[in-house]
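Visitor: Here is how the chains run, residue by residue.
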Amino acid sequence: MGLIENAERPNFILTTIDTLLRWGRSHSLWWCNAGSACCSLEFAAMGGARYDMDRIGSGLVRASPRQSDVLLIPGPITKKMAPIFVRVYNQMPDPKWVIAMGSCAISGGAFRESYSMTRGADTVLPVDVYVPGCPVRPEALFYGLLKLRARVRGTSNIGLAHREPIYVPPDLPPEWEAEVREFLGEHEAC
Amino acid sequence: MIEDHPRVGRLQKDAVTESIVLNMGPQHPSMHGVFHMQLELSGETILAARPVIGYLHRGIEKLAEHRTYAQCMVLVDRLDYISQYCNEWAYCRAIERLARIEVPERAEWLRTMYAELVRVTSHLMWFGSVGLDLGGWTPVIYAFIPRERIFDFFEATTGSRLMPNYLRFGGVKEDVDPAEMEALHAYLAKDLIDALDEFDGLVTGNEIFLSRQRGLAPMTVDQAHAWGVTGPMLRACGSTRDLRIDTPYGVYDRLDWESCTDTRGDALARYSVRMREMRESAKMALQCIERMPAGEVRTKVARVLRPPEGEVYVRHESTRGELGFHIVSDGSPKPYRFRVRSPAFMNVSSLPHLCAGAKISEFFAIFGGIDNVMAEIDR
Amino acid sequence: MTVDLEAVAAAHSGRVDREGLDPAIVVPRETWRQLAQALSEAGVWFSDLTCVDRGETVEVVAQVCASASEQITLKTVLPNRDLTVDSLWPVWPGMDWLEREAYDMFGVSFVGHPDLTRILMFDGFEGYPLRKSFLLETEEKAS
Numbered sequence: 001m002g003l004i005e006n007a008e009r010p011n012f013i014l015t016t017i018d019t020l021l022r023w024g025r026s027h028s029l030w031w032c033n034a035g036s037a038c039c040s041l042e043f044a045a046m047g048g049a050r051y052d053m054d055r056i057g058s059g060l061v062r063a064s065p066r067q068s069d070v071l072l073i074p075g076p077i078t079k080k081m082a083p084i085f086v087r088v089y090n091q092m093p094d095p096k097w098v099i100a101m102g103s104c105a106i107s108g109g110a111f112r113e114s115y116s117m118t119r120g121a122d123t124v125l126p127v128d129v130y131v132p133g134c135p136v137r138p139e140a141l142f143y144g145l146l147k148l149r150a151r152v153r154g155t156s157n158i159g160l161a162h163r164e165p166i167y168v169p170p171d172l173p174p175e176w177e178a179e180v181r182e183f184l185g186e187h188e189a190c
Numbered sequence: 001m002i003e004d005h006p007r008v009g010r011l012q013k014d015a016v017t018e019s020i021v022l023n024m025g026p027q028h029p030s031m032h033g034v035f036h037m038q039l040e041l042s043g044e045t046i047l048a049a050r051p052v053i054g055y056l057h058r059g060i061e062k063l064a065e066h067r068t069y070a071q072c073m074v075l076v077d078r079l080d081y082i083s084q085y086c087n088e089w090a091y092c093r094a095i096e097r098l099a100r101i102e103v104p105e106r107a108e109w110l111r112t113m114y115a116e117l118v119r120v121t122s123h124l125m126w127f128g129s130v131g132l133d134l135g136g137w138t139p140v141i142y143a144f145i146p147r148e149r150i151f152d153f154f155e156a157t158t159g160s161r162l163m164p165n166y167l168r169f170g171g172v173k174e175d176v177d178p179a180e181m182e183a184l185h186a187y188l189a190k191d192l193i194d195a196l197d198e199f200d201g202l203v204t205g206n207e208i209f210l211s212r213q214r215g216l217a218p219m220t221v222d223q224a225h226a227w228g229v230t231g232p233m234l235r236a237c238g239s240t241r242d243l244r245i246d247t248p249y250g251v252y253d254r255l256d257w258e259s260c261t262d263t264r265g266d267a268l269a270r271y272s273v274r275m276r277e278m279r280e281s282a283k284m285a286l287q288c289i290e291r292m293p294a295g296e297v298r299t300k301v302a303r304v305l306r307p308p309e310g311e312v313y314v315r316h317e318s319t320r321g322e323l324g325f326h327i328v329s330d331g332s333p334k335p336y337r338f339r340v341r342s343p344a345f346m347n348v349s350s351l352p353h354l355c356a357g358a359k360i361s362e363f364f365a366i367f368g369g370i371d372n373v374m375a376e377i378d379r
Numbered sequence: 001m002t003v004d005l006e007a008v009a010a011a012h013s014g015r016v017d018r019e020g021l022d023p024a025i026v027v028p029r030e031t032w033r034q035l036a037q038a039l040s041e042a043g044v045w046f047s048d049l050t051c052v053d054r055g056e057t058v059e060v061v062a063q064v065c066a067s068a069s070e071q072i073t074l075k076t077v078l079p080n081r082d083l084t085v086d087s088l089w090p091v092w093p094g095m096d097w098l099e100r101e102a103y104d105m106f107g108v109s110f111v112g113h114p115d116l117t118r119i120l121m122f123d124g125f126e127g128y129p130l131r132k133s134f135l136l137e138t139e140e141k142a143s
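Residue numbers (the numbering used here), protein chains in the order written: chain S, 1 to 190; chain C, 1 to 379; chain B, 1 to 143.
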């Protein structure tokens with residue numbers, strides 16, 4: 001954006017719609033907290049008085065995924081929970097971003113070998129930001145959020161690829177994992 | 001007459017509300033973690049409720065069978081991440097009883113102090129979320145101020161805000177810096193009490209809050225016993241059961257304190273018990289700092305512990321109620337069976353009884369009063 | 001209040017095991033619910049119920065409290081081929097979720113339970129995770 005002073009009247013701004021949208025979005029990243037485990041406490045601490053994420057416009061945790069921009073995964077994704085995460089993700093409007101918070105969300109962490117766990121959020125959803133730690137300190141999450149803001153501001157939204165939603169039925173079919181993997185393709189677990 | 005009109009008359013005759021099923025959760029901001037509730041509603045009245053849990057089931061009991069006793073401490077921390085020290089202590093007590101390990105005097109005082117401090121932070125978290133459940137943001141913002149201050153102490157002395165891994169079999173990891181203790185003493189004696197007074201002024205005397213809590217979801221002692229409810233929820237019905245008194249451990253029998261009870265048994269009584277418990281816990285932690293004797297904080301224990309064959313069940317008063325560890329040892333370095341009796345699991349199982357007949361807007365007030373932690377319920 | 005363990009055990013064709021840290025009453029599964037009923041009438045309340053997989057058999061273990069400080073363990077042993085036992089839900093309604101969890105994790109069927117479904121795992125899950133025969137993926141690779 002360029003500020004042209006003394007052109008016709010003072011404070012005249014010339015910009016493209018795309019830049020304006022990106023600027024606006026980066027200052028109002030609203031959360032959808034699918035709050036599960038220990039890390040969501042540190043997320044709550046980030047909303048508290050000391051860290052205060054309101055100062056960068058990200059203080060709102062929306063009740064509905066349809067009103068939010070960032071899906072926060074602050075804990076392990078169990079096999080029982082994975083289809084619900086996919087459903088919540090599909091309900092969010094584009095453009096949307098996913099933050100995997102903590103080692104459980106990144107790789108399964110301390111519970112990786114368990115029978116009931118997925119091996120990280122990226123086996124289920126396309127993750128944009130990984131914030132390591134067990135639990136993640138509020139500062140670390142803040143840093144991740146700032147990095148995400150920079151990315152939101154720097155990426156053009158014109159011609160943003162439309163993602164085909166996947167529909168996971170509520171009664172959890174055994175082939176859910178294959179379905180999710182087919183959708184994600186290159187995100188397949190290693 | 002309008003009633004004579006054929007369509008109006010039929011409507012009046014058949015004007016019965018069909019019951020609907022409403023799903024709440026598992027992803028829901030008011031839910032404390034990933035909790036799913038199926039409610040059958042007639043209008044706004046809850047006819048039946050069915051909690052669905054397990055969305056955070058990580059299989060801790062199975063994983064523990066594949067780790068040594070000391071490694072299990074990591075899993076124990078992550079069971080109930082709001083009262084970590086209570087979990088660690090209960091687990092240590094179970095193993096110490098099984099392997100017959102003595103704990104030095106100073107370590108017992110330190111453990112008691114940490115357990116009571118964590119009870120304060122846990123109840124602060126609960127205080128914030130109760131406010132949130134009833135639609136107010138203020139309590140949660142206020143509650144985080146003293147919480148962060150106590151977390152600073154945890155971080156300075158144990159290295160971590162949430163997951164301390166501080167207790168060891170036969171003591172604690174290391175002694176506490178006296179300067180930190182002094183600073184904490186000053187904080188507990190004045191600022192924390194001021195903060196609690198402020199909370200009382202903000203919420204406890206609030207007429208709207210009182211009218212939403214009073215008489216809500218009443219429970220009698222007999223019902224509580226039958227449903228397995230323990231902890232502050234049980235003491236709010238008039239029972240005096242408190243494992244810190246009944247089966248003394250740590251240094252509770254040498255401290256000057258009283259167990260908080262209430263006789264009303266409703267949601268307000270649960271609130272009142274927890275608010276008073278915070279003051280009692282702060283008082284106990286102060287006494288611990290003042291009277292703590294000098295000495296060793298850790299006895300020598302084999303690095304790879306092999307407890308003798310046998311089994312043990314230890315009951316412990318966690319912040320939510322009776323926390324039980326049932327450990328079966330076969331003499332190897334890994335537990336043969338590692339069972340956690342979770343207080344929140346039992347307390348939440350009473351939810352269908354508590355909210356039958358209530359209005360849907362009251363559901364969150366009831367649910368908030370249970371003070372659950374999904375990680376501990378699902379394990 | 002104290003409970004005469006020997007008398008209670010004898011009345012339910014069981015025995016008292018004092019080798020462990022806490023006394024345990026071991027009864028055959030036929031008298032499992034009668035034992036709980038008798039104790040419940042004597043004012044005993046329950047604390048916990050779980051199972052221990054011993055290979056050939058599965059032990060059902062209940063922890064009960066006779067008084068605030070007095071703790072008793074109740075046990076019954078089930079053979080692997082027939083894991084059924086009477087439900088304690090009619091005696092203590094709070095056993096509801098504990099028995100569902102034992103069913104979910106060990107496959108023990110509690111006869112008379114009103115709603116014996118999986119509680120922690122999802123409905124389509126196969127196997128009983130806390131049985132010793134259930135291997136984690138890492139174990140399967142190793143063996």
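Keep in mind that the hints are not guaranteed to be accurate.
As the list claims (entries may be wrong) - Covered by chain C, per the in silico footprint, the following chain S stretches (three or more residues, Cβ under 8 Å):
| id | stretch |
| --- | --- |
| 1 | 37-45 |
| 2 | 89-100 |
| 3 | 105-113 |
| 4 | 140-150 |
To be verified - 20 Å max Cα-Cα, derived EDC-like pairs, lysine to aspartate or glutamate:
| id | chain 1 | residue 1 | chain 2 | residue 2 |
| --- | --- | --- | --- | --- |
| 5 | B | Lys132 | B | Asp82 |
| 6 | C | Lys300 | C | Glu155 |
| 7 | C | Lys300 | C | Asp200 |
| 8 | C | Lys334 | S | Glu113 |
| 9 | B | Lys75 | B | Glu137 |
| 10 | C | Lys190 | C | Glu96 |
| 11 | S | Lys96 | S | Asp18 |
| 12 | C | Lys190 | C | Glu174 |
| 13 | B | Lys75 | C | Asp330 |
| 14 | B | Lys132 | C | Glu309 |
| 15 | C | Lys283 | C | Glu182 |
| 16 | B | Lys132 | S | Asp52 |
| 17 | C | Lys173 | C | Asp200 |
| 18 | C | Lys300 | C | Glu65 |
| 19 | S | Lys147 | S | Asp52 |
| 20 | B | Lys75 | C | Glu309 |
| 21 | B | Lys132 | B | Asp115 |
| 22 | C | Lys173 | C | Glu155 |
| 23 | C | Lys334 | B | Asp82 |
| 24 | C | Lys359 | C | Asp133 |
| 25 | C | Lys190 | C | Glu148 |
| 26 | B | Lys132 | C | Asp177 |
| 27 | B | Lys132 | C | Glu65 |
| 28 | B | Lys75 | B | Asp22 |
Said to hold, decoys possible - Pair ranges (Cβ atoms, derived):
| id | chain 1 | residue 1 | chain 2 | residue 2 | range |
| --- | --- | --- | --- | --- | --- |
| 29 | S | Asp94 | B | Glu126 | 31 to 39 Å |
| 30 | C | Gln71 | B | Ala7 | 24 to 32 Å |
| 31 | S | Ala63 | B | Pro114 | 28 to 36 Å |
| 32 | C | Gly201 | S | Leu60 | 50 to 58 Å |
| 33 | S | Asp94 | B | Ala68 | 32 to 40 Å |
| 34 | B | Ala68 | C | Gly295 | 30 to 38 Å |
| 35 | C | Arg306 | B | Lys132 | 15 to 23 Å |
| 36 | S | Leu146 | B | Lys132 | 43 to 51 Å |
| 37 | B | Asn80 | C | Leu210 | 41 to 49 Å |
| 38 | C | Asp152 | B | Ala11 | 43 to 51 Å |
No lab work stands behind these hints: they were computed from the structure.
Note that CB positions come from ideal geometry on N, CA and C, so glycine has one too.
Visitor: Look at each hint and say if it fits the structure.
Guide: Each hint, compared with the structure:
Residue count for the stretch 37-45 of chain S with a Cβ under 8 Å from a Cβ of chain C: 7. That meets the three needed, and the coverage hint holds. Counting residues of the stretch 89-100 of chain S whose beta carbon lies closer than 8 Å to any beta carbon of chain C gives 0, which falls below the threshold of three, so the coverage claim is violated. Only residues whose beta carbon comes within less than 8 Å of a beta carbon in chain C count, and the stretch 105-113 of chain S has 3; three or more means the coverage holds. Interface restraint, the stretch 140-150 of chain S with chain C: violated (0 residues with C-beta to C-beta distance below 8 Å; minimum three).
The straight-line distance between the Cα atoms of Lys132(B) and Asp82(B) is roughly 17 Å, inside the 20 Å bound, and the hint therefore holds. In summary, the hint linking Lys300(C) to Glu155(C) is not supported, as the alpha carbons are separated by about 25 Å, beyond the 20 Å threshold. Our distance criterion of 20 Å between C-alpha atoms is broken by Lys300(C) and Asp200(C), whose separation comes to about 46 Å. Between Lys334(C) and Glu113(S), the direct Cα distance comes to roughly 16 Å. Compliance with the 20 Å bound is thereby established for this hinted pair.
In summary, the hint linking Lys75(B) to Glu137(B) is not supported, as the alpha carbons are separated by about 32 Å, beyond the 20 Å threshold. Among the hinted pairs, Lys190(C) with Glu96(C) is inconsistent with the structure: their alpha-carbon atoms are about 36 Å apart, more than 20 Å. Distance check on the hinted pair: Lys96(S) and Asp18(S) sit about 16 Å apart at the alpha-carbon level, within 20 Å; holds. Using a Cα cut-off of 20 Å, the hinted pair Lys190(C) and Glu174(C) is violated, with the two alpha carbons roughly 27 Å apart.
Only pairs whose Cα atoms come within 20 Å are accepted, and Lys75(B) paired with Asp330(C) is accepted, the gap being roughly 18 Å. Proposed proximity of Lys132(B) and Glu309(C) is supported: the alpha carbons are some 18 Å apart, at most 20 Å. Restraint check for Lys283(C) and Glu182(C): the C-alpha separation of about 15 Å stays at or below 20 Å, so the hint holds. Distance check on the hinted pair: Lys132(B) and Asp52(S) sit about 48 Å apart at the alpha-carbon level, beyond 20 Å; violated.
With a CA separation close to 37 Å, the supplied pair Lys173(C) and Asp200(C) exceeds the 20 Å bound. A distance of roughly 24 Å separates the Cα atoms of Lys300(C) and Glu65(C); the hinted pair therefore is violated under the 20 Å criterion. The hinted pair formed by Lys147(S) and Asp52(S) meets the criterion: a straight-line CA distance of about 17 Å does not exceed 20 Å. Between Lys75(B) and Glu309(C) the CA atoms are separated by roughly 18 Å; this keeps the pair inside 20 Å, and the hint holds.
Note on Lys132(B) and Asp115(B): the hinted pairing is violated, with a Cα-Cα distance of about 26 Å set against a maximum of 20 Å. With a CA separation close to 14 Å, the supplied pair Lys173(C) and Glu155(C) stays within the 20 Å bound. Of the pairs offered as hints, the one joining Lys334(C) and Asp82(B) is violated, with about 29 Å between alpha carbons and a cut-off of 20 Å exceeded. Simply put, Lys359(C) and Asp133(C) have alpha-carbon atoms about 14 Å apart, close enough for the 20 Å limit, and the pair holds.
The hinted pair formed by Lys190(C) and Glu148(C) meets the criterion: a straight-line CA distance of about 16 Å does not exceed 20 Å. Taken as a hint, the Lys132(B) and Asp177(C) pair is broken in the structure, with Cα atoms around 45 Å apart against an allowance of 20 Å. With a C-alpha separation of about 10 Å, the suggested pairing of Lys132(B) with Glu65(C) holds against the 20 Å cut-off. Restraint check for Lys75(B) and Asp22(B): satisfied, since their Cα atoms lie roughly 12 Å apart, inside the 20 Å limit.
Look at Asp94(S) against Glu126(B): about 37 Å separates their beta carbons, and that is inside 31 to 39 Å. For the pair Gln71(C) and Ala7(B), the supplied restraint of 24 to 32 Å is violated, since their beta-carbon distance comes to about 44 Å. A beta carbon spacing of about 34 Å between Ala63(S) and Pro114(B) agrees with the range 28 to 36 Å that was offered as a hint. Distance hint check: the CB atoms of Gly201(C) and Leu60(S) are about 28 Å apart, inconsistent with the given range 50 to 58 Å.
Checked against the hint of 32 to 40 Å, the pair Asp94(S) and Ala68(B) fails, with Cβ atoms roughly 59 Å apart. A C-beta distance of roughly 31 Å is found between Ala68(B) and Gly295(C), which places it inside the suggested range of 30 to 38 Å. One distance hint, 15 to 23 Å for the beta-carbon pair Arg306(C) and Lys132(B), holds here, with the actual separation near 19 Å. Evaluation of the 43 to 51 Å hint for Leu146(S) and Lys132(B) yields a pass: the beta carbon distance comes to about 49 Å.
At about 56 Å, the beta-carbon gap between Asn80(B) and Leu210(C) misses the expected band of 41 to 49 Å. The hinted range of 43 to 51 Å is not satisfied by Asp152(C) and Ala11(B), whose Cβ atoms lie roughly 58 Å apart.
When each numbered hint is compared with the structure, violations occur for hints 2, 4, 6, 7, 9, 10, 12, 16, 17, 18, 21, 23, 26, 30, 32, 33, 37, 38.
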